[in-house]
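Asker: Chains as they are written, first to last, in the working numbering: chain A, 2 to 247; chain B, -10 to 304.
Hint data in this document are derived by calculation from the structure and do not stem from the laboratory.
Please note that the accuracy of each hint is not assured.
Said to hold, decoys possible - 25 Å max Cα-Cα, derived DMTMM-like pairs, lysine to aspartate or glutamate:
#1 Lys16(A) to Asp109(B)
#2 Lys133(B) to Asp29(A)
#3 Lys11(A) to Glu88(B)
#4 Lys21(B) to Glu145(B)
#5 Lys16(A) to Glu66(B)
#6 Lys105(B) to Glu10(A)
#7 Lys69(B) to Glu10(A)
Said to hold, decoys possible - Quick list of the computed label-pair ranges, beta carbon to beta carbon:
#8 Lys69(B) to Phe210(A): 52 to 58 Å
#9 Leu194(A) to Gly157(B): 52 to 58 Å
#10 Ala226(A) to Asp195(B): 58 to 64 Å
#11 Trp35(A) to Ser284(B): 56 to 62 Å
#12 Gly57(B) to Leu137(A): 54 to 60 Å
#13 Arg242(A) to Asp282(B): 50 to 56 Å
#14 Gly38(A) to Lys65(B): 39 to 45 Å
#15 Val20(A) to Asn172(B): 28 to 34 Å
#16 Leu137(A) to Leu61(B): 51 to 57 Å
#17 Asn52(B) to Leu42(A): 53 to 59 Å
Remember, it's a predicted structure, so these values are computed and weren't measured experimentally.
Using N, Cα and C, we set each Cβ at its ideal position, and we do this for glycine too.
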Amino acid sequence: MNTLFIGTEKSNQLKYLVVKNFKSMIRDKAQLVWLLGYPLLFVVLLTFAYGPEVLTIMAPGLLITGPVVIISQLTAHLAEEKESGTLQRLTTTPVTRKIILISGLVSQAIVGAFQIVILLIVGYFLGINYHPDGNLFFLFFIPFMVTITSLGFGLILASFIKNASSAGGLAWFVILPLQFLGGAFMDEPLVELLPTSLAVEAMREVMTFGNSSIAAIGLPLLSIALWGIGGIALGILLFQRKAAIL
Amino acid sequence: MKKLEYAIETHNLKKYFDEIHAVDGIDLKIPKGSLFGVLGPNGAGKSTTIRMLSTILYPTSGNATILGYDLLKDRKEIKKRIGVCPQELVIYPRLTARENIHLIAQMHGIPKTVYKERTDELLGRMNLLDRADSLSKTYSGGMKRRLNVLMSVIHEPELLFFDEPTAGLDPQSRRVVWDFIKNFQERNSTIILTTHSMEEADDLSDALTIIDHGKIIATGTPQDLKGRLGEGDNIEFKISNPEMRLDIIERARSLDFVRSGKNLGKQRVVLNALGGLRRISEIMDAVKVEMYDISVRANTLEDVFIDLTGRRLRS
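Whenever a hint applies, use it, and build me the whole structure from the sequences.
Answerer: Below, the structure is given as structure tokens:
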């Protein structure tokens, strides 16, 4: 039976795979610099370029721009596992493809959470003006939902890409439209139903107007959640195909 | 429960990749507890066969029984009981040897105390213990290959697939891996070994099958297969006048002590003959062709392959 719940054996497998992913990430110094340095660099450069006032106006979009880049990280990670044969090797053990994929998602989601925290803290010290009534939980949670949704996009993309060196680059064909069409760098989105557009809208309510009510952000959050669930479900479905592993 | 006679039984197993018939109807019965070699040139279909039997690929048609389980229906049960050592070096470069081995053990649900102890023992046997906690990306090719092998055995599988386990290894490391494989078989595991090294197949296998172009062309013990060529030695030589090679083979075949003759490439001729180099030399004198690079040796599995296909295993 296909179920969302996993037993002890599977949860142990998941735990060990997540630990493995983290060890691999942390020990790759270039990757570590990219993972943690990218959001930092992003905010610092924009502050120097435009100053804290402009940064405050752009901040809701910028805090959504960062998490979208995780598409590139997940795609590259899965493509590398495919290319090196490690994914295939794991499939000869009792672990299921679903658990392998979920482990990749969990690892990247944790990294994404760290990136958001770094963005929020560094942004604060550089002068981004968070509304005093802005709910701190939602300041974190909205970008985090974008992270989860982006992982779904990454999974879909990775199910078709076999080459690790091109995976990260090809991901930008999805990242850039999500950022630009979602209005991350502008006053308003060009396409309103994108998860990034919805997230920028919700983020602006919380961050700029200090409004975290269900009426203000409920519908955008629900819509992002639907994007996320749909994307991840489709991604897992596509990735579980035999051809996606080989 | 009935005791299993065969670890693997395949029934007309096929794998097609579009127009390419990588495996074209293989029927095999591999006795439980045996070390079974699958010999063939590159591209013969050995690895594809192993990949199907080890649940990596689905067959295009046909089926197999692995340790009593249906290959198509009971893949989960099969995965619990097999170990696969792939031809490529499939290790996590940013994990240590110990961590790489532990990960596979963890996927099999082996208790921590058991796999920790077992890992140390295995690392010691493969001379990797002193580098066990270094990242595997810093290892030499030989060390990576030995780690590749260890990752396939940590859970002590009933059935082990070794796909070219010694490819690219120096003689000393190859001997370490061979000893390890032989030792593992003594624990009553069934081992399937693919190789294009006739020496490896001859030394290690209890029985073997020779595959070419996706089909089985011979099966038996190494002794049986070599015995098919007769008791004599092989005389292999080059000739100064390549156009004469078919004529020379024809003349040599008429000699009572020559069992078979093949031409290999443009100049090389191999004869299976019970002595009689002097009389062959007389034939060469008669047609005024010089012989050089002459070798006289006992039958090998390569000669069996040449006899069956008319070409070398590594051609």
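Asker: Hint by hint, say whether it matches the structure.
Answerer: Now for the hints, and whether the structure bears them out:
Between Lys16(A) and Asp109(B) the alpha-carbon distance is near 23 Å, which keeps this suggested pair within the 25 Å criterion. Distance hint between Lys133(B) and Asp29(A) is fulfilled; the C-alpha atoms sit about 19 Å from each other, no more than 25 Å. Restraint check for Lys11(A) and Glu88(B): satisfied, since their Cα atoms lie roughly 19 Å apart, inside the 25 Å limit. At roughly 15 Å between alpha-carbon atoms, Lys21(B) and Glu145(B) fall within 25 Å of each other, so this suggested pair holds.
In summary, the hint linking Lys16(A) to Glu66(B) is supported, as the alpha carbons are separated by about 22 Å, within the 25 Å threshold. Using a Cα cut-off of 25 Å, the hinted pair Lys105(B) and Glu10(A) holds, with the two alpha carbons roughly 18 Å apart. Between Lys69(B) and Glu10(A), the direct Cα distance comes to roughly 13 Å. Compliance with the 25 Å bound is thereby established for this hinted pair. Distance hint check: the CB atoms of Lys69(B) and Phe210(A) are about 57 Å apart, consistent with the given range 52 to 58 Å.
The hinted window of 52 to 58 Å between Leu194(A) and Gly157(B) holds, with their beta carbons roughly 54 Å apart. A hinted range of 58 to 64 Å for the beta carbons of Ala226(A) and Asp195(B) is consistent with their spacing of about 59 Å. A hinted range of 56 to 62 Å for the beta carbons of Trp35(A) and Ser284(B) is consistent with their spacing of about 58 Å. Checking the proposed 54 to 60 Å range against Gly57(B) and Leu137(A) shows it holds: the Cβ atoms sit about 59 Å from each other.
For Arg242(A) paired with Asp282(B), a C-beta distance near 53 Å keeps the hint of 50 to 56 Å intact. Between Gly38(A) and Lys65(B), the C-beta spacing of about 43 Å keeps the proposed range 39 to 45 Å intact. Evaluation of the 28 to 34 Å hint for Val20(A) and Asn172(B) yields a pass: the beta carbon distance comes to about 31 Å. Between Leu137(A) and Leu61(B) the beta carbons are some 54 Å apart, a value that agrees with the proposed interval 51 to 57 Å.
The hinted range of 53 to 59 Å is satisfied by Asn52(B) and Leu42(A), whose Cβ atoms lie roughly 56 Å apart.
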